[in-house]
Structure formats: structure tokens, C-alpha cells
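Here the structure of chain X is known, so what remains is to put chain H in place on it, guided by the hints.
2 protein chains.
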Amino acid sequence: MGDVLTADDMEPLARGAALLGAGGGGDPYIGALMARRALQAQGPVDIVSVEDVPDDAVVFPVAMMGAPTVMVEKLPSIQQVTAAVDALAGHLDRTPTHVACIEAGGVNSTIPIVAAAALGLPLVDGDGMGRAFPELQMALPALSGVMVSPLAISDDKGNIGILETVSNIWAERLARTATVEMGCSSIVSLFAMSGTQVRECFVPATLSGCVRLGRSIERARTFESDMSPVATVLEQMSAQLLITGKVVDIVRRTVSGFARGEARVEGAGDISDGPLILHFQNEHLIAQRGNRILATTPDLILVVDKDTGEPITTEALRFGHRVAVLAASAHPRWHTPDAIKLVGPKYFGYDTDPVTATRPKNQEMS
Amino acid sequence: MGDVLTADDMEPLARGAALLGAGGGGDPYIGALMARRALQAQGPVDIVSVEDVPDDAVVFPVAMMGAPTVMVEKLPSIQQVTAAVDALAGHLDRTPTHVACIEAGGVNSTIPIVAAAALGLPLVDGDGMGRAFPELQMALPALSGVMVSPLAISDDKGNIGILETVSNIWAERLARTATVEMGCSSIVSLFAMSGTQVRECFVPATLSGCVRLGRSIERARTFESDMSPVATVLEQMSAQLLITGKVVDIVRRTVSGFARGEARVEGAGDISDGPLILHFQNEHLIAQRGNRILATTPDLILVVDKDTGEPITTEALRFGHRVAVLAASAHPRWHTPDAIKLVGPKYFGYDTDPVTATRPKNQEMS
Chain X
3 MGDVLTADDM
13 EPLARGAALL
23 GAGGGGDPYI
33 GALMARRALQ
43 AQGPVDIVSV
53 EDVPDDAVVF
63 PVAMMGAPTV
73 MVEKLPSIQQ
83 VTAAVDALAG
93 HLDRTPTHVA
103 CIEAGGVNST
113 IPIVAAAALG
123 LPLVDGDGMG
133 RAFPELQMAL
143 PALSGVMVSP
153 LAISDDKGNI
163 GILETVSNIW
173 AERLARTATV
183 EMGCSSIVSL
193 FAMSGTQVRE
203 CFVPATLSGC
213 VRLGRSIERA
223 RTFESDMSPV
233 ATVLEQMSAQ
243 LLITGKVVDI
253 VRRTVSGFAR
263 GEARVEGAGD
273 ISDGPLILHF
283 QNEHLIAQRG
293 NRILATTPDL
303 ILVVDKDTGE
313 PITTEALRFG
323 HRVAVLAASA
333 HPRWHTPDAI
343 KLVGPKYFGY
353 DTDPVTATRP
363 KNQEMS
Chain H
3 MGDVLTADDM
13 EPLARGAALL
23 GAGGGGDPYI
33 GALMARRALQ
43 AQGPVDIVSV
53 EDVPDDAVVF
63 PVAMMGAPTV
73 MVEKLPSIQQ
83 VTAAVDALAG
93 HLDRTPTHVA
103 CIEAGGVNST
113 IPIVAAAALG
123 LPLVDGDGMG
133 RAFPELQMAL
143 PALSGVMVSP
153 LAISDDKGNI
163 GILETVSNIW
173 AERLARTATV
183 EMGCSSIVSL
193 FAMSGTQVRE
203 CFVPATLSGC
213 VRLGRSIERA
223 RTFESDMSPV
233 ATVLEQMSAQ
243 LLITGKVVDI
253 VRRTVSGFAR
263 GEARVEGAGD
273 ISDGPLILHF
283 QNEHLIAQRG
293 NRILATTPDL
303 ILVVDKDTGE
313 PITTEALRFG
323 HRVAVLAASA
333 HPRWHTPDAI
343 KLVGPKYFGY
353 DTDPVTATRP
363 KNQEMS
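Just so you know, the sequences run in chain order X and H.
So the number in this note's numbering is just where the residue sits in the first sequence, counting from 1, plus 2.
So the number in this note's numbering is just where the residue sits in the second sequence, counting from 1, plus 2.
Don't take each hint at face value.
If chains are identical, the list can't say which one is meant, so a pair holds when it fits in one copy or spans any two.
Calculated lysine to any residue pairs in the SDA-like style (CA-CA distance at most 25 Å, straight line) [to be verified]:
(1) Lys159 x Arg175
(2) Lys343 x Phe225
(3) Lys343 x Arg262
(4) Lys343 x Arg175
(5) Lys308 x Ala43
Please keep in mind that the hints were generated in silico from the structure rather than gathered at the bench.
Looking at chain X on its own, in the form it has when it is part of the complex (with noise of 0.2 Å):
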């Protein structure tokens, strides 16, 4: 990859956004059936680095927003994803010199690459959050003060929305009960920025580095590779693995537009520990083996398959699949307490404070 995406990026980049999600976001592959033929009509997309984004730039990021497990059933079309922004460009009566993504985990990486080749915009290479999360609120670009609203909605009917919220909370909610009227999924336009807003709250590179990711756990499927797929997901995220097993249990229920749920994981080695088991809502957010807490949001705890490493979101997870559990820090803006109030465990309602994964030296994984 060089300065532009192109279509043989997709599949890449979908599996290292699918790792950024977390177990949410929806399925990215689904998105880059999308953006390839995006990019195939369009041609490439120019990325621009964080750093080289000019400060009076007009960024508009673009995300779908609604429960995965409708998501992956129903794509947006083109003319969705451009309805959002050209109608959050036609209520500040500002043109976007820059697409970006608000989250580069699952679906939404791919989403803003579509954007960015209908409209012929330049895409800013990294995001607001450095993984996926499940509420609009929660991006770091929150966190420095950039609103939420105004926001725009558009829906596979043709609907279109704007909100001007008094708060952050108050876009999440209208803007998810709008969602959940319109058929669990819409596409979202939201956190308009200039370049200087963007160098103060995004997480650089993320996109470049999703591509890079996703090759190389594609290169460690080869023959010729002497470190397992999962191995290259640990060395790249410097992630913990938390248990390699089995799916033995899954429930997922699709509650105000979210999938939440839990799964089991039953540990193939030595099982008095009893099963892992993994609470999520859209995104994996806690992780936990008896009474102990292996690991919580804001920290990414991903699911991947034990022989290929592909990342299997939420959504995916089957009865059997053989995985491994992984651990791996977030930016750690995440870990200041402004964020822990924002999407720390104790916000999603569980009665914890956070756990960071650490890894333990000389962590093997064949």
C-alpha cells in the first residue's frame, strides 16, 4: 500500500479491522465487498496521514450505526452512505475536504472508504477510537470536546435526518431509537472536525496499519512461515492469549438495537479453571474464568480461529469453533478517567473496575 487504498486492500484491511473490532462492528468483510467495488468503479483512494491533514481541513467522519446482526443482513447502498454526508454538508453549509473513519473496528473501516470513492474525497488514515465500540459517544474526539451533533442519518428507504443535540448522550439516543425505527442499521455522519481537531484526537495509522495486519497473518498461513497465525496476531497487538478452547455456549438477544449476549469458551488443556466466558454488547467487554476478570473494556478482547488467526466478531461465533481468546491494551487515552466513565465496564453495568490484560514474558504460542 502506498499513499492509496485500492481494492486488493480490502480483504486485509477487513481482517485487521475485524481484530480492531473486537467482536463488534460488524462483519468488515461484508463492508469490503462493498468498498471493492466502490474502489473498482472509482478507482484508488488517496490516505492522508494524520499529520499532513492541513488544520483548516473539514473532516466528516461516516459510520453505520445498529446492531451487527442486522448489519451483516442488509448493506447499505452507495447512495446511503453519501445521502449522510452530503446532508450533514448541506446543514453546516460546509464542503468535507476529508472523509474519515469515527471507528476503525469491523464495518465502519470500510464504510468511509466507500464515501471517501463516490464523493472523490481523500480518506484520513486512523480513527476516533483505535477499535470499535458500541455507542456514538464513545470516541476519543468526545473526549477532547468535538460533539457528536451535529449529526446526520440516512436509511436504505431513502429517510433522511439531523440531529442538534444538547449532549453527546442525547445524539445516542435519538439517533439509535431513529436507528432501531429505521430497521436496526443506518448510516451516520457525525463529528465534523477541522485538521487540527483531528491531529489532537484521533488514532493515527490505524487504517494502514489494519491492512499491514491483515497481511501478515495471511503470510503466516503460508508453508513457508515458521510462526502461527495466532502468534503473529499476539506479536503484532502485543496482545495476551487468555485461553485457546472451544465454543460451548452462546446467547445473543438483539435488545435496543444492540446484539448483546455472552459465549463459553472451554479451555483444550486444563480445565479446573472451568470455561472462559465472554459478556458482550456489540463489542466483547468483559472477560472472565470463574470469579476472576481476565480483562474489560476499555481494553480489546478479541476472538480468532485457533488454526487461521481470522478474527470471528460476535455475530459469528458458532457452537465448537475452535479459538483463541486474546488480550490486547487500547490507546491509552482510553485509560485516563474521563474514558473509564465513558466505556469503562462500570458504564455497561458491570461491577468492576477495569482489568488490564498484561502480557506475561515469554508468552509461546506454537
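Relative to the frame of chain X, chain H by itself:
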């Protein structure tokens, strides 16, 4: 009343509007208090007859949306009312020249007066229904092809939304879910239209008519009057008396932002026919006695105090109330086939054709 509405007009207007409200539209006395305060602060509001609105006028109707049960407990601020009009003006980049009522029934007869007073704009003497109906698309402009959206919505917190929908039903659905999330009441500005369109689809002179009707009832309560208040309503609305009796049962529930329920009225005289049953969803929709349907939407079914002729809204109906139940014809356009599809009994889930209450000859009321 001359060509202006003053604070002193508010009480009779509210009484007349409660009659046109057909049980719904919220308690207009609450709205009248608010309008009275606005008129006292800002001076009288000019009212312009439908014929005198210039062809190229920019007319913005404004209304309260939500369950009347909630609306009576949560009065909007003047700022909330003007916020919806201002948001629509900003979105359309048009400055309104007139404010208008979309429904003359209930609180929505006075909300536009608040807007007109606060914004210093004239008010159209007429409305888009000639009564009250529970859903946004149930207005005569919709039958003439004027769209509900662009629509602006405001809440008591200061949140603002704009909707551009593909159909009137989608405007209703999305504004309704937003209203529910906003706490079951909101202010909407919608059906923006030209003076030419106002003339094509408004029911003329309903506001001045409400004031006259309210004043007549007041006069009928005095010793000098030789006609009872109820007889006055019957005459002035060309209405039919369905029953005089006592409310013996009332059930109401707030469902999806609507106040739904049933009331039973037991006749004072011959009770062999059994009680009269009123079915309502914000407004009274069906009056039946035994198996016989006496009157249905789109005609107006009204409940008034037996002695004072004071209209009683569905949320104010109480066990033991001595009442007269009346039926009056809706504006003739509500009886066209398109209108029956929009607001007939079947739309509301009742398996009956519309029944028009006919006024018997020499109907007497002491």
C-alpha cells in the same frame, strides 16, 4: 374579535377548540394559559383569513406532538415552540411570513398563537383538519399532495431534529419515535406551504369560529339564555345527540406515544340499549351501542358536560361524569375515498365502514 387575537380570546378559543378536538388534541386550557401569557407579553396577534393570504406567502404550521396525557403535564416553553419554527426556516433557508394551525382541535389551536406572538408573525385563520387527528399525515394538505416533511422537531431539553422523509407515513414514524424518546411530547413544524396551497387545502375560519363557539357556550350558561349550553353546541355544530348519561367505566393506556382506551356512558333514560361505548386513540374514533355503530371517524364524536356544555377531553373523562355525547360532521373533504383510507375506521383497526351521524329532524334538547 376583530383582525387580531388577544389574551381575552384565549378562553373561548380553547373551549371551541376542545370541541373540535373530539376528545383529543390535549387540554386546550393549558395551551390557552401559555398563549395568554405570550399575547400579554407581545401584544395581539394579527389573524389573516385564508382568502387574504398572499399566493407567495411562506406558511409554517406548528403543533405539539405526543400523548395528551403527557402534554397536559409538560407544557412547552415559548423557546421550544419557536425553536421548531426556526429550525425549519434554517433548514429550508426560507423566512416564514405566516404561522398556521395544522389542527384546530385541542392544544394545537393555541400553540401556533404562541409561535406567532413570539415571532411577530401573522396567523392564518383556518387549519389543516377542522378537527384533531392523532397522526401527522392525517391532515387535508396531505390529501392535496403537500408533504409532512421537511419537518423540524424540538424538545424541552433543547434538542432539535430535522426529517426529510420519503413518505408521510415515514415522517409520522420517525417523528413519533423521536417524540417518545424525548419524553412523549415535542413541538413540530411541518407541512410548510405557500398561500396558494393554504387556500387549496385549509379549512377556513376555524380559529375565529372556535372563539365564536366558545363565547356562545358562555352566554348560554347565563340566566338570560333561553337555550341550554348543550343545545347551543348542537345547533352551532349541526351536531346530533347520541346519549345523555353518566360515565360508568373508563380504561386508558399510553401505547407507542398515544393515549388509547375505551369509555362507557350509561343513559339516563331508557337503558335497554345498554351503555354507549367510546373507543379512542387520543381522539374519540367510534361510538357504539350494543352492536350498533352510531358514529365513526372521520366525523367528530364529542363529550361535553351535561349542564355546562364544557368539552371534556379523553384524558379528563372520569367515572361519574354526567355528560352528553354528540356527533358532528367532519369537513366534506374528509369523506372522500382517499380521506377514508387515511383516517377511516379501518385505518385504526376497526372492522367497520364509516358511519355518519345524521341529525334527526326536530332534535330537541332542553
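Evaluation of the provided hints:
In this assembly of identical chains, Lys159 and Arg175 lie within 25 Å of each other by CA distance both inside one copy and across copies; the values are 21 Å within and 13 Å between. In this homomeric assembly, Lys343 and Phe225 never come within 25 Å of each other (Cα to Cα): the closest approach is 46 Å inside a single copy and 68 Å across copies. For the identical chains of this complex, Lys343 and Arg262 are intra-copy neighbours only, at 20 Å inside a copy versus 40 Å across copies, given an alpha-carbon limit of 25 Å. Taking identical chains as interchangeable, the C-alpha atoms of Lys343 and Arg175 lie at most 25 Å apart only when both belong to the same chain, with a minimum of 18 Å there against 34 Å between chains.
Within a single copy, Lys308 and Ala43 get their C-alpha atoms no closer than 36 Å, and across copies no closer than 73 Å, so neither meets the 25 Å cut-off.
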